[in-house]
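Single-letter residue listing:
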Amino acid sequence: MVGDLRDQITEALKGHQGYYVEVRIEEGEATRLSYRGRELEDVGRTTSQGGNVRALVDGGWGFASFNDLGDLREQVASAVSQARLVGGESFRLAASASQVDIVGPTLKSDPRLIPLSEKKRLLDEYNDVLWATPLLQTSTIGYGDGRRRIIFANSEGSYIEQSRVDVTLRVTAVARRNGDVQQVGMSIGSLGDFGVVEGLHDEIKVMAERAVAMLDAPTAKGGEYTVVLDPILAGVFVHEAFGHLSESDFVYENPSMREIMVLGKRFGGQHLNIVDGAAIPDLRGSFHYDEEGVPAARTYLIREGVLVGRLHSRETAAKMGEAPTGNARAIDYRHPPIVRMTNTIIEPGNVSFEDMISDIEEGIYAKNWYGGTTSMEMFTFSAGEAYMIRHGKVAELLRPVMLTGNVFQTLENIDAIGNDLDMNQGGGCGKAGQMPLPVSNGSPHIRIRKCVVGGK
Amino acid sequence: MIEQLLNLAQRHCEAAEVFSITQESTPVRFETNRLKEITTRSSQGVALRLIKDGRIGFAASWGEVSPRALVDMALETAPLGAAAHLELPSLLPYPSVEIYDPADVAVETMVQMGQSLIDRVRQNTPDLQCEAHIGQTKMTVDIINSQGGRGHYEKSVFGVGIEGTLIRGTDMLFVGDSFSSCQPIPDFAPIAETTLEQLELAKETTTIKSGQWPVVFTPRGVAGALLSPLLMGFNGKIVWQGASPLVNKLGQRLFDPRLNLWDDATIPLRPGSRPCDDEGVPSQRITLIDQGAVAHFLYDLQTAALSNTQSTGSASRALTSLPSPASSTIIMGEGETPYADMIANLKEGLVVEELMGAGQGNVLGGEFSGNVLLGYKVEGGKIVGRVKDTMVSGNIYQALANIIAIGKESLWVGGAIRLPALCLGPLMVASKG
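Quick note, the sequences are listed as chains A and B, same order. Heads up, the numbering used here is the position in the first sequence plus 483, with the first residue counted as 1. Heads up, the numbering used here is the position in the second sequence plus 64, with the first residue counted as 1.
One chain only, chain A, in its complex shape (with noise of 0.2 Å):
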């Protein structure tokens, strides 16, 4: 079927001089097992066939997704006279080599290998340590795993095969006492290793016993407050609070957009690096190459506190004078690639936990994420995990806090950076609605300065 399938491809690009022309088909397969309190409520498996075109001529673009793989000639001939319908100020994509390739997954542990049953005896032992958890209401465990494989060819010639496999993990426990509700969640991603998903039985059990303690846990005080982010979500805050902004789509078009995100400006102190890049192997926002056929790269936003790039697809390089980064992607054949971040990174400084922590006199220790969101300007984000700080050592614990700023009063307000690197692999980002996709983000410990805290 593959062979005939390229031919086909092929054959639908032809004849299409004078605009850009390319073709995307997927297949892929799912499996998922959820739990809702002590019993297994969904157990199921999908599949999926479908693809899409996309033209662009002179300056206006043309999308057409399906599922029936039937006439691909008739698809490309639709998304061409929709192009063509809209017009507009012409201009080229931002030259990338074509690339001819074929890369399968990366595949530490394979899920697919592993038998339903036992996927459901490794669930259960988990359902068995949250429901041993005194005063434990209920608990939701989510597990998927799923396999896509993408074809892509465009009218400059290339061809490439790509596959990934996704697991995924998430756990909700739930105390409750009378209307007085308490969740702590755990979320964990990779790419291609079941192994992330094994062995969390001290895991669970901790953070089951901590949406009970969280019942007679206070709520922050709202207002103003020295901030210390874990790892996790210093990387949520560097995905809302930075990443975002640094997608050229945001920028590419809209003349006040581009005066902020000059390159050269400065954004944060010395010891301020942030890096975005699927190029970086083996996490969750990894991949050969973006959906535009372009290579993966690695690319500074932020070094040493100075703005020195962008994530880009070929239309908004081409727009901004600069070269492609391979960060168009989109989570399915259904939806067209705009610009996404991949895995964002802030780099570990020298500052240890300990030394962070020890000249704050009242301030917030906020760990774990339940989400986050952007405006470019304004950002916000919930901590799964909140204690207090007192006189430099972490105190009593808090319900669940929300984090709330500027971004770039913040970014400038970040005063310490730690040397605990670590990866957060379970978000799913979302965007002009495509969501989840997969991304990691990254980050050591990091201290803000002056950060609003929601509370009471």
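FYI, nobody ran anything at the bench for these hints, they're computed from the structure. Treat the numbers as computed from the prediction; the structure is a model and nothing was measured. One thing to keep in mind: the hints can contain errors.
Claimed, not checked - As a list, the in silico BS3-like pairs of lysine-lysine whose alpha-carbon atoms are at most 25 Å apart:
#, chain 1, residue 1, chain 2, residue 2
1, B, K496, B, K411
2, A, K939, B, K273
3, A, K602, A, K688
4, B, K411, B, K267
5, B, K273, B, K411
6, B, K100, A, K802
7, B, K446, B, K267
8, B, K411, B, K472
9, A, K603, A, K688
10, A, K602, B, K116
11, A, K704, B, K273
12, A, K850, A, K933
13, B, K496, A, K704
14, A, K939, A, K850
15, A, K704, A, K939
16, A, K876, A, K850
17, B, K496, B, K446
18, A, K933, B, K273
19, B, K273, B, K446
20, B, K496, A, K939
21, B, K446, B, K472
22, A, K914, B, K100
23, A, K603, B, K116
24, A, K933, B, K496
25, A, K933, A, K748
26, A, K704, A, K876
27, B, K411, A, K939
28, B, K496, A, K850
29, A, K933, A, K704
30, A, K802, A, K914
31, B, K496, B, K273
32, A, K591, A, K602
33, B, K202, B, K100
Stated by the list, open to error - Computed far set for chain B versus chain A, every beta-carbon distance over 12 Å:
#, residue
34, I66
35, A79
36, D117
37, P157
38, D165
39, D168
40, N188
In this text, a Cβ means the ideal position worked out from N, Cα and C, and glycines have one as well.
Since the structure of chain A is provided, determine the placement of chain B on it from the hints.
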């Protein structure tokens, strides 16, 4: 195909159900004030749920799949699956719900309407950068099962939305509105008007001191910040699980006695409406809050059976997962205070149109907390300007028991949910400086 799949599945199990959806949509998208992209999306998917030896098996596919492969996948999962408590519905009469309009709006018309919407909004604020989307979707849904149940409907949804960004230095203002209907929307003027009004109210920027202040949530503010934690509490599955703060509270007056909330999938022309739910159970009006009292929860078949009650026709499913209870068309009853009076009666407080990040905290516990992305300060009964860098936090179970006023006018927010404005008794407001 779906009959063939059902027949094949039936031969291997006690009961089976096939859900299929076919969808075509044509969104056009504007970026930085001009047309950027025209799209067509066509999709077909089918899901099979079966009960074998008393357990639920499930498989689904987008795109081509052989009935044999799908049945095999579902049979593979069944031995591990949940014990089946549900009984699939037989052939039932459905209410007639107007949700389909055969009219096709030409792409050229959508393009022209989108451009004039953007031009109208930018007339007085040329620096505003606008994105807009206009699109039409038509779908066909079938649910058939081995008990003779046959649900079928066609639905059309026409939607429009605009988002404007105004940047001054690093200061950013976000405005915009959206609407949707099962019929083509002939006039975008109301959407332009809302956006222009937001621009007007946000012209001046001011500050609010940290502390406890009364907060007016506009209908959009209620939709964005308060509704999802509230509806989570009424989800029968979460109630059954014991994780809802409303467990054992049926009949109790937990909310302000003026508060009424219901779910009604039979309301015509709303995108969430349909004659039957995703398990083929007829749609009906379900009262959730009756004069402040907890009246009913939302159930699908399995959750209802586990809870010793009836499905409320609230099953909803993404193709690739089992059905689960969800709301359809939600309506909050109107109150008696005109919006203008609500503001005029405020000595000092806050108006919230959009709270960023509101759904991120302990939603299950009813908590909401977010940064005021679009909101205004009220002083002496007048809106005096926009506030920024400000966080509003609260718990819906406390806040909705402590309502100062409910708006007399209500709005179809996004075309999908009908809500009045709410003025809530002092909430924690934390702001910079």
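Original post:
If you check each hint against the structure, which ones fail?
Top reply: Per hint list: zero violations.
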